[in-house]
Structures are given as structure tokens and as C-alpha cells.
Amino acid sequence: SQQGEEDPQALSIQEGENATMNCSYKTSINNLQWYRQNSGRGLVHLILIRSNEREKHSGRLRVTLDTSKKSSSLLITASRAADTASYFCATDDRASGTYKYIFGTGTRLKVLA
Amino acid sequence: NAGVMQNPRHLVRRRGQEARLRCSPMKGHSHVYWYRQLPEEGLKFMVYLQKENIIDESGMPKERFSAEFPKEGPSILRIQQVVRGDSAAYFCASSPGQENIQYFGAGTRLSVL
Chain V
1 SQQGEEDPQA LSIQEGENAT MNCSYKTSIN NLQWYRQNSG RGLVHLILIR
51 SNEREKHSGR LRVTLDTSKK SSSLLITASR AADTASYFCA TDDRASGTYK
101 YIFGTGTRLK VLA
Chain Y
1001 NAGVMQNPRH LVRRRGQEAR LRCSPMKGHS HVYWYRQLPE EGLKFMVYLQ
1051 KENIIDESGM PKERFSAEFP KEGPSILRIQ QVVRGDSAAY FCASSPGQEN
1101 IQYFGAGTRL SVL
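These protein sequences, in sequence, are chains V and Y. If you count the first sequence from 1, position 108 lands on 108 in my numbering, and the numbers rise without skipping. Take any residue in the second sequence, note its place counting from 1, add 1000, and you have its number in my numbering.
These are computed hints drawn from the structure, not numbers from a lab. Note that the Cβ used here is the ideal one computed from N, Cα and C, for glycine as well. Some hints here could point you the wrong way.
[Said to hold, decoys possible] Using C-beta positions, here's what the derived DEER-type ranges look like:
#1 V:R41 to Y:S1058: 23 to 29 Å
#2 Y:G1085 to V:N38: 21 to 27 Å
#3 Y:S1087 to V:R41: 16 to 22 Å
#4 Y:N1100 to V:L75: 30 to 36 Å
#5 Y:S1087 to V:H57: 38 to 44 Å
#6 V:E53 to Y:R1015: 47 to 53 Å
[What the hints assert, rightly or not] Not the full set, but computed from the structure, chain V residues with beta-carbon under 8 Å of chain Y:
#7 R41
#8 L43
#9 H45
#10 I49
#11 F88
#12 Y101
#13 T105
If we strip away everything but chain V, and leave its shape as in the complex, we get:
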């Protein structure tokens, strides 16, 4: 399978609940990023975590990175209807040396009001 696989593929929760999405990757990385994409729109950068970091917070977002397991998780706390979107992780391909990003297939989050 390709770099940056997210799971679950789809997630439906009630407003106010927490949403957790996971991402696995295969190669060594310099950093990992999470992006949000609203339907039919471009991507919005959410958070970047470097390979020497284990956890990072930004508002209601919490990202963890476990390089030994080659995995990351994105937690959205106290979700809102406006959080409904697709969420992608992207990893840089350290081995290639060109810093292109490899995206996963995304988690489609639906927050019900």
C-alpha cells in the first residue's frame, strides 16, 4: 500500500464528540503534515509535526507522531458541524531528497449537528 494511509476512511460523529483519525506511512520522514479539504475546495494546512517531535497542539487539534511505528494521529476535540471535511496526512519522502509530499487517501469526517 502507499505511503500515508489514513483510517478510518469515513467517520460520523455527533457535535461535541471527539474525532480521532490515524495515518500510517512507510518510509523515513522529516516531517508529517495534516490538511483539511472541504468538498470541492483546496487544501488547508492544519499542523506540521517534525520527526523529532512526539506531540503538538493547535487549538482543538492534537497531533501525535510515533516514528517507531510510523504512525500519526489527529484528534479534534469538541467537534463542530464546521469540522465536516476530508482530512489528509502528508509525509515528505526523505529518501528521495526532493521534499515532495505523499498524501494518503483521507478520512471523511461528518459531524452531525
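With the hints as your guide, set chain Y onto chain V.
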């Protein structure tokens, strides 16, 4: 500081025609990346350019596709003799340097009839 600008937002072409997609990076950004996204899928890396140079085109189809980022003007992704399978959303991203966050445009949605 305007964001990454892509035009057109929507492009309709008949099979065999040429499609030309433009991307103006954010001010001060000299690194441009092109990605393709099929419905319900993640973004697939196509090509990475710096001013006047193609750094990594490992994701570009060998035929019909080309990209440039001239000294002056926007980056152009050109698809010659389009086929129905080229229908997708094409996103451009820019960054000030290799390890920096990539900022995405709103994309160009290409439909081939």
C-alpha cells in the same frame, strides 16, 4: 499577501484538445508542486519545480504532460491531446523552501468530454 492562485477554476475540453493550467505561487515562494486528485481519492504528486528548473517529475505521465515554471510568470501544467481519464482536480502548491509548509491553491477542475 494573496494566496496561491490557480486558473481557470473549471476547464472543459473535448478529447484531443490541449489543456493549460496556470498557477501563480504566493509572493516570495520559488517552489511549486503540482498534484492531481481523482474523486474520493487523495492527492497524487506529479511534479516539483523551482524557477526555470524541474526538480522532480517522477509523478508525471511520460507522454502528453509537461510542466514549466519560467523566470517570469506563472507555472504552467500542460496536457496535450486530453483523454477522458485526465478528468480530475489539479492542485498547485507553493512554498518558500523545500522543508516548508506547502500552501495550496483552490485547484482547477478539468472535465474532458
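Status of the hints after comparison with the structure:
1. A beta carbon spacing of about 27 Å between R41 of chain V and S1058 of chain Y agrees with the range 23 to 29 Å that was offered as a hint.
2. The hinted window of 21 to 27 Å between G1085 of chain Y and N38 of chain V holds, with their beta carbons roughly 26 Å apart.
3. One distance hint, 16 to 22 Å for the beta-carbon pair S1087 of chain Y and R41 of chain V, holds here, with the actual separation near 18 Å.
4. Remark: the range hint 30 to 36 Å for N1100 of chain Y to L75 of chain V is contradicted by a beta-carbon distance near 25 Å.
5. For the pair S1087 of chain Y and H57 of chain V, the supplied restraint of 38 to 44 Å holds, since their beta-carbon distance comes to about 40 Å.
6. Separated by about 48 Å at the C-beta atoms, E53 of chain V and R1015 of chain Y satisfy the suggested range of 47 to 53 Å.
7. Hint status for R41 of chain V: holds, given a least beta-carbon distance of 6 Å to chain Y, under 8 Å.
8. With a least beta-carbon distance of about 4 Å to chain Y, the hint placing L43 of chain V at the interface is held under the 8 Å criterion.
9. Look at H45 of chain V: its Cβ gets to within about 5 Å of chain Y, closer than 8 Å, so that hint holds up.
10. Because the smallest distance between the Cβ of I49 of chain V and any Cβ of chain Y comes to about 12 Å, over 8 Å, the interface hint for this residue is violated.
11. Because the closest C-beta pair between F88 of chain V and chain Y is about 6 Å apart, less than 8 Å, the hint holds.
12. Restraint check, Y101 of chain V versus chain Y: the minimum CB separation of about 6 Å is within 8 Å; hint holds.
13. The criterion of a C-beta within 8 Å of any C-beta in chain Y is met by T105 of chain V, whose closest approach is roughly 4 Å, and the hint holds.
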